[in-house]
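Asks: Chains as they are written, first to last, in the numbering used here: chain A, 2 to 375; chain B, 2 to 375.
Hint data in this document are derived by calculation from the structure and do not stem from the laboratory. Misleading hints may appear alongside valid ones.
If chains are identical, the list can't say which one is meant, so a pair holds when it fits in one copy or spans any two.
[To be verified] Heads up, simulated DSS-like pairs for lysine-lysine below, C-alpha to C-alpha not over 25 Å straight-line:
#	residue 1	residue 2
1	LYS139	LYS84
2	LYS324	LYS59
3	LYS84	LYS337
4	LYS139	LYS263
5	LYS125	LYS249
These numbers come from a predicted model, not from an experiment.
Protein chains: 2
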Amino acid sequence: MRFEINKDTFLYHLLIAQKALSTKTPNPALQGIKLDVEEDQVVITTSNSDISIKIELKDSSLEVEETGSVLVPGKYLLEIVRKLDGQTVKMSHVEDNLLNIEADHSDITLNLLELEDYPNLVFKLKKDFIKVNVRTLKTIIRQTAFATSTIENRPILTGVYFSIDGKKLTGVATDSYRLSQKTIALDNSYDSMSVIIPGRSLEELMKILENNQDDVEVHFDQNRVLFKYNNVLFHSRLLEGNYPETSKLIPQEYPVQIKFNKEQLITAIERASLLSSRDGQNAIVKLNVRADDAVEISSNSPEIGRVLEEVYPVDEIKGSPLKIAFSSKYMLEALKVFNSSEVTVKFTGEIRPFVLGGEYDEDMLQLILPVKTD
Amino acid sequence: MRFEINKDTFLYHLLIAQKALSTKTPNPALQGIKLDVEEDQVVITTSNSDISIKIELKDSSLEVEETGSVLVPGKYLLEIVRKLDGQTVKMSHVEDNLLNIEADHSDITLNLLELEDYPNLVFKLKKDFIKVNVRTLKTIIRQTAFATSTIENRPILTGVYFSIDGKKLTGVATDSYRLSQKTIALDNSYDSMSVIIPGRSLEELMKILENNQDDVEVHFDQNRVLFKYNNVLFHSRLLEGNYPETSKLIPQEYPVQIKFNKEQLITAIERASLLSSRDGQNAIVKLNVRADDAVEISSNSPEIGRVLEEVYPVDEIKGSPLKIAFSSKYMLEALKVFNSSEVTVKFTGEIRPFVLGGEYDEDMLQLILPVKTD
Numbered sequence: 002m003r004f005e006i007n008k009d010t011f012l013y014h015l016l017i018a019q020k021a022l023s024t025k026t027p028n029p030a031l032q033g034i035k036l037d038v039e040e041d042q043v044v045i046t047t048s049n050s051d052i053s054i055k056i057e058l059k060d061s062s063l064e065v066e067e068t069g070s071v072l073v074p075g076k077y078l079l080e081i082v083r084k085l086d087g088q089t090v091k092m093s094h095v096e097d098n099l100l101n102i103e104a105d106h107s108d109i110t111l112n113l114l115e116l117e118d119y120p121n122l123v124f125k126l127k128k129d130f131i132k133v134n135v136r137t138l139k140t141i142i143r144q145t146a147f148a149t150s151t152i153e154n155r156p157i158l159t160g161v162y163f164s165i166d167g168k169k170l171t172g173v174a175t176d177s178y179r180l181s182q183k184t185i186a187l188d189n190s191y192d193s194m195s196v197i198i199p200g201r202s203l204e205e206l207m208k209i210l211e212n213n214q215d216d217v218e219v220h221f222d223q224n225r226v227l228f229k230y231n232n233v234l235f236h237s238r239l240l241e242g243n244y245p246e247t248s249k250l251i252p253q254e255y256p257v258q259i260k261f262n263k264e265q266l267i268t269a270i271e272r273a274s275l276l277s278s279r280d281g282q283n284a285i286v287k288l289n290v291r292a293d294d295a296v297e298i299s300s301n302s303p304e305i306g307r308v309l310e311e312v313y314p315v316d317e318i319k320g321s322p323l324k325i326a327f328s329s330k331y332m333l334e335a336l337k338v339f340n341s342s343e344v345t346v347k348f349t350g351e352i353r354p355f356v357l358g359g360e361y362d363e364d365m366l367q368l369i370l371p372v373k374t375d
Numbered sequence: 002m003r004f005e006i007n008k009d010t011f012l013y014h015l016l017i018a019q020k021a022l023s024t025k026t027p028n029p030a031l032q033g034i035k036l037d038v039e040e041d042q043v044v045i046t047t048s049n050s051d052i053s054i055k056i057e058l059k060d061s062s063l064e065v066e067e068t069g070s071v072l073v074p075g076k077y078l079l080e081i082v083r084k085l086d087g088q089t090v091k092m093s094h095v096e097d098n099l100l101n102i103e104a105d106h107s108d109i110t111l112n113l114l115e116l117e118d119y120p121n122l123v124f125k126l127k128k129d130f131i132k133v134n135v136r137t138l139k140t141i142i143r144q145t146a147f148a149t150s151t152i153e154n155r156p157i158l159t160g161v162y163f164s165i166d167g168k169k170l171t172g173v174a175t176d177s178y179r180l181s182q183k184t185i186a187l188d189n190s191y192d193s194m195s196v197i198i199p200g201r202s203l204e205e206l207m208k209i210l211e212n213n214q215d216d217v218e219v220h221f222d223q224n225r226v227l228f229k230y231n232n233v234l235f236h237s238r239l240l241e242g243n244y245p246e247t248s249k250l251i252p253q254e255y256p257v258q259i260k261f262n263k264e265q266l267i268t269a270i271e272r273a274s275l276l277s278s279r280d281g282q283n284a285i286v287k288l289n290v291r292a293d294d295a296v297e298i299s300s301n302s303p304e305i306g307r308v309l310e311e312v313y314p315v316d317e318i319k320g321s322p323l324k325i326a327f328s329s330k331y332m333l334e335a336l337k338v339f340n341s342s343e344v345t346v347k348f349t350g351e352i353r354p355f356v357l358g359g360e361y362d363e364d365m366l367q368l369i370l371p372v373k374t375d
């Protein structure tokens, strides 16, 4: 193969493909970026155990002199193209399985990997797929995926459970201490179905999706899902098993409701987390609804010190005084996915899960289990 | 003690003091920030095994209600003051060796450390000190300290050797594979003397020095040095021992001289370093002066590939063709401290040290030992 292309265009697409590049893998072929040079396009493919990416790169700057396929060490290809001078990069497959890269005053020769060792990846588009606006898709991922479990002892909880019911797509994630749920409206009605997509795959997908008006096609297959976003195909395995029934976790009545300014509540909880001897933000914070309509956020670490914060709710508190304790990490992560600047925290009781909701966060629910303290 | 002060002013000075704060230390008292509240100022003190900092903080916002001294856990004090709301922070020493910190809606109580355990630090100003403009001081540190050794087997080489001769101050650093030397002019003439200041102390000092027109006073004492920069006293231990005689390392004649565009040479060497199997930038790069007045920069890693860069010097090359090899890390670090956009590389021979110089880098010399290759 032999082609030349605008360097920045090539780099832009290599950086997308990098998201599925294996760095640590028993199979060295997966450390490679596969380039299939066809008459009118360069197909870039990468894969790791969870996800695979295939990009069909067509560009006015592309000039193909000779078609063919090579498997290039991914890390070096990226570093080289990033560092090259000049507008154009020329690549040619030369004898002895070497790749020659030329640009401006640089002449670089890279040992290729064995193309035969590369797995045969299938990126199968289905006739019936779901179409969703890229921004809507980003919203549902951003508001659910953070709540998946990172511990592997219940693998099913490391994924987000997506289900379709007519024109509605709902995503649910829980690590059994908290739950996130978001429903979005689809333009068309689809047959009912459900799948569990690994949270880490969704995080990588997020890095590729931009803030534009484009649509993403979602193609489901037996045990995998394929996202088609412009010229990028993003493929993830699915998690198999039964997702727990989560709807019964959600209380039906909330006798105590408090509307907060979101930023005020966040900074109060952040300060209350500062003196924790636990790692990171995983402090236990207490919330105390006082009779005078103020709310106290506090923490106490006998060895370090204590913090007492006063927060004044936006509206009058509905319900009676209440004391509850929770993980600051869970509360902060839930608060930060809200678009609304005011968030209502709704309590059922001191040892019952509580939920957060916001005016500008329709069909979203964040639920947190309280922590028992003495 | 009890005082209040503008929060941002206090934080600004705590962040300076943080540079000498111990994080890992067998003496827990050194994890503390000492606050001595006097009638018209708060004195902030920190110390680790190498450096100590003392700041005399006077400010129009300071209101002292009660003088006294406390030793506050440094990490928590910094995190709290950084996160507080409001303009003003109030601190008071309350019963049971606790510090109360108040701001806006926050009320924080911090366990104090034992003041008696804090070492007695001496910040002694001498009558005869050296005065140097802060920007000149930064230049000499920036252009020498990077070349100190980081390996402890010859501790003396972990420092920068400073010597005064009349109105000249010279700094020299070497790790025995390269050497940096810079001389600056002082406003006054001083007695001859020399000291070795740890490179790491100088790096911390650099973080405190700003780009203004202020002067820094340098006070030397038996085995320590004190820098006085406005209201900050920065104290470092000195290294003891005899610094090696470095002047005989520097060749006297340079039959081959090549003037490069600095940025072109840097990017060529950076690209030639990309395919190294060695860690980081520590690749071996070859420089080949061709008969046609072009210079080749190249590297070869049989397992990965090879890079060939062509660089065209700014002026005609003086001298005959030559091949030399060097560590890209040393070459890049030396090139990057130049202010000049054109750098002349001067060679004595293929296995002799070579030096770099630049028109706008008066009295500075960077010397690098070549590497033998087959």
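Asks: Give a verdict on every hint.
Replies: Right, here's what the structure says about each hint:
1. LYS139 <-> LYS84: Classified as neither: same-chain Cα gap 31 Å, cross-chain 30 Å, threshold 25 Å.
2. LYS324 <-> LYS59: This pair counts as neither: shortest intra-copy Cα distance 60 Å, inter-copy 43 Å.
3. LYS84 <-> LYS337: Between copies, since 17 Å is at most 25 Å while 37 Å is not.
4. LYS139 <-> LYS263: Intra 21 Å, inter 45 Å, cutoff 25 Å: intra-copy only.
5. LYS125 <-> LYS249: So LYS125 and LYS249 fail the 25 Å test inside a copy (37 Å) and across (71 Å) alike.
Hints 1, 2, 5, counting from the list given before, are not met by this structure.
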